[in-house]
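**Student:** Order-wise, the sequence lines are chains A and B. Going by the working numbering, the first residue of the first sequence is number 1, and it counts up by one from there. Going by the working numbering, the first residue of the second sequence is number 1, and it counts up by one from there.
In case anyone wonders, no lab produced these hints; they're calculated from the structure. Be careful, since some hints might not be right.
Since the list can't tell identical chains apart, any single copy or any two copies may satisfy a pair.
What the hints assert, rightly or not - Computed list of lysine to aspartate or glutamate pairs in EDC-like fashion (alpha-carbon distance at most 20 angstroms, straight line):
1) K231 x E242
2) K129 x E57
3) K272 x D207
4) K130 x D211
5) K69 x E258
6) K202 x E134
7) K40 x E220
8) K272 x D152
9) K272 x D148
10) K249 x E239
11) K272 x D211
12) K202 x D170
13) K249 x E220
14) K122 x E273
15) K203 x D160
16) K20 x D199
17) K40 x E104
18) K272 x D199
19) K173 x E239
There are 2 protein chains.
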Amino acid sequence: MNVLIVGLGLMGGAYAYKLKDKGYYVYGVDIDNKAIEYAKNNDFIDEGASDPALFIEKSDIIVLAFYPKAIIDFLKKYNNLFRKNHIITDICGVKSSFLSEAVECAKPATYLSHHPMAGREKNGIEYSKKCVFEGANFLIVPDGDVKDSAIDVITRMGLDLGFSKISIIDKEKHDNMIGFTSQLTHAIAVSLVNSDRNDDTKKYIGDSYRDLTRIALINENLWSELFVENKEFLLNHIEHFENELDILKTALKNSDKEKLKELFRSSTKIRKEMEK
Amino acid sequence: MNVLIVGLGLMGGAYAYKLKDKGYYVYGVDIDNKAIEYAKNNDFIDEGASDPALFIEKSDIIVLAFYPKAIIDFLKKYNNLFRKNHIITDICGVKSSFLSEAVECAKPATYLSHHPMAGREKNGIEYSKKCVFEGANFLIVPDGDVKDSAIDVITRMGLDLGFSKISIIDKEKHDNMIGFTSQLTHAIAVSLVNSDRNDDTKKYIGDSYRDLTRIALINENLWSELFVENKEFLLNHIEHFENELDILKTALKNSDKEKLKELFRSSTKIRKEMEK
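All chains should be built: construct the whole structure from the sequences, respecting the hints.
**Tutor:** See below:
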């Protein structure tokens with residue numbers, strides 16, 4: 001299987017590295033020559049260049065590992081090179097805003113989106129080897145008319161990357177769920193850190209603060225785009241969360257230990273279920 | 001040095017295990033005979049019983065490893081056994097609500113409180129060996145007239161337990177900071193999990209949700225007590241946090257990417273400083 005990775009950042013680099021190791025023939029493309037050199041020197045790719053046109057026709061799978069905004073432009077620019085048996089996919093964290101258009105622009109190729117639910121707070125291909133996909137969720141998001149054979153190819157790629165749990169989900173449900181599990185958590189971590197009123201906080205932190213705020217180290221360009229693209233779902237989740245926090249705040253104001261215990265029992269039960 | 005650990009739960013067990021390993025002579029007390037048996041069988045203690053009176057007079061340090069509410073009762077009950085050279089301490093997560101009274105009730109012994117900022121979500125002595133204190137903060141909270149020699153003994157104990165960063169802090173600042181770094185984070189995690197409206201969320205979670213909600217597995221009795229004891233500080237921090245989340249929400253409503261980026265840059269900068 002020949003795979004073309006467009007964008008050799010943290011995730012694109014991890015895909016290249018892991019798929020080459022599994023026997024895929026890997027082409028790598030990036031606008032940054034240093035990333036290509038790094039990928040070559042570390043045996044992440046078989047061939048690399050800055051122009052995707054060199055590799056598109058030779059590839060079975062084309063993985064777009066860059067920001068959602070740039071996807072449609074890419075598809076329009078290289079459309080004349082796409083063939084019916086190409087499978088084009090992306091790794092973006094939101095889907096509804098561009099997916100229908102992407103499916104159209106990719107024709108005659110098959111566009112089949114997916115979302116690898118793993119990563120690290122660091123950016124850049126030099127951190128790619130540290131990406132751990134084992135145990136993580138891999139979501140396939142079909143839209144329009146997608147053949148089973150294309151789903152099989154992307155499922156196989158997810159398993160070859162090391163992901164453990166492959167799910168198929170439609171784009172609205174995807175964006176709604178991701179608004180909750182990923183974007184809301186980032187909104188919370190950012191707000192928590194920004195509400196810090198002290199300059200010696202680090203003397204007083206334990207694991208809980210450290211864990212909760214790790215993702216406050218955030219790629220501003222990527223995440224401002226993801227937030228705005230998924231605005232409706234995310235606003236809705238922020239409001240549900242605020243309501244729950246208000247319930248806890250009221251219990252606390254009233255020194256209502258029984259209500260607090262009820263909230264703690266509920267969260268413990270839900271969180272435990274999640275580990276099964 | 002002879003140390004008496006009263007309460008062989010997760011933390012008391014970890015103290016016993018680590019201090020015995022460092023050459024302390026360790027007495028262990030618990031109302032649960034099973035915990036004492038476990039501590040004996042696993043070489044956590046030199047001697048154990050259910051009655052603290054058997055060991056108090058022979059001890060240099062007495063560590064109260066149980067809930068804040070029970071501290072004053074303990075001190076009153078055993079006051080007749082306390083001597084001037086005893087150092088009594090506790091590991092509670094809040095201090096203002098009981099510390100002045102504890103200092104009085106402990107006399108003629110010295111009461112010198114501390115807070116080990118590490119733990120695990122699990123309860124019980126069988127998880128004690130997995131407590132990692134290395135790299136963690138250890139806060140000493142003097143109140144009233146405390147001699148330097150007592151601070152030296154508790155500092156030494158903190159280092160022997162493996163803690164890396166020992167700080168001395170007054171009780172109000174302690175409770176204010178802990179309200180932020182520990183209790184607010186728990187309030188957030190609980191509210192986040194309780195705001196979950198789906199029953200298949202676990203298919204869509206990545207590291208961020210997992211990290212943010214680990215502490216939603218919460219000991220309801222302990223934490224309802226800690227929350228209510230530290231109500232004023234915690235309510236204040238919840239409100240600051242809500243204000244920050246509102247700023248983010250407004251930026252999102254307006255699709256104001258520049259404002260979002262500014263918030264993300266701020267959180268990234270503050271969080272990075274914390275790792276130094």
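**Student:** Run every hint past the structure and note whether it holds.
**Tutor:** These are the hints, each one checked on the structure:
1. K231 x E242: This pair counts as both: shortest intra-copy Cα distance 16 angstroms, inter-copy 19 angstroms.
2. K129 x E57: This pair counts as neither: shortest intra-copy Cα distance 28 angstroms, inter-copy 57 angstroms.
3. K272 x D207: both (19 angstroms within a copy, 16 angstroms between copies)
4. K130 x D211: both (18 angstroms within a copy, 18 angstroms between copies)
5. K69 x E258: The answer is between: 16 angstroms across copies meets 20 angstroms, while 49 angstroms in one copy does not.
6. K202 x E134: Only across copies: K202 and E134 sit 15 angstroms apart there, 32 angstroms inside one copy, limit 20 angstroms.
7. K40 x E220: Neither. Shortest intra-copy (29 angstroms) and inter-copy (54 angstroms) distances fail the 20 angstroms Cα cut-off.
8. K272 x D152: Close neither inside one copy (32 angstroms) nor across copies (42 angstroms); limit 20 angstroms.
9. K272 x D148: Result: close neither inside a copy nor across copies, 35 angstroms intra and 45 angstroms inter.
10. K249 x E239: both (15 angstroms within a copy, 9 angstroms between copies)
11. K272 x D211: both (18 angstroms within a copy, 14 angstroms between copies)
12. K202 x D170: Intra 42 angstroms, inter 16 angstroms, cutoff 20 angstroms: inter-copy only.
13. K249 x E220: For K249 and E220, only the inter-copy Cα distance (16 angstroms) is at most 20 angstroms; the intra-copy one is 31 angstroms.
14. K122 x E273: Classified as between: cross-chain Cα gap 15 angstroms, same-chain 30 angstroms, threshold 20 angstroms.
15. K203 x D160: For K203 and D160, the Cα distance is within 20 angstroms only across copies (19 angstroms; inside one copy 43 angstroms).
16. K20 x D199: neither (46 angstroms within a copy, 37 angstroms between copies)
17. K40 x E104: This pair counts as neither: shortest intra-copy Cα distance 34 angstroms, inter-copy 70 angstroms.
18. K272 x D199: between (35 angstroms within a copy, 13 angstroms between copies)
19. K173 x E239: Answer is within; shortest intra-copy Cα gap is 18 angstroms, inter-copy 32 angstroms.
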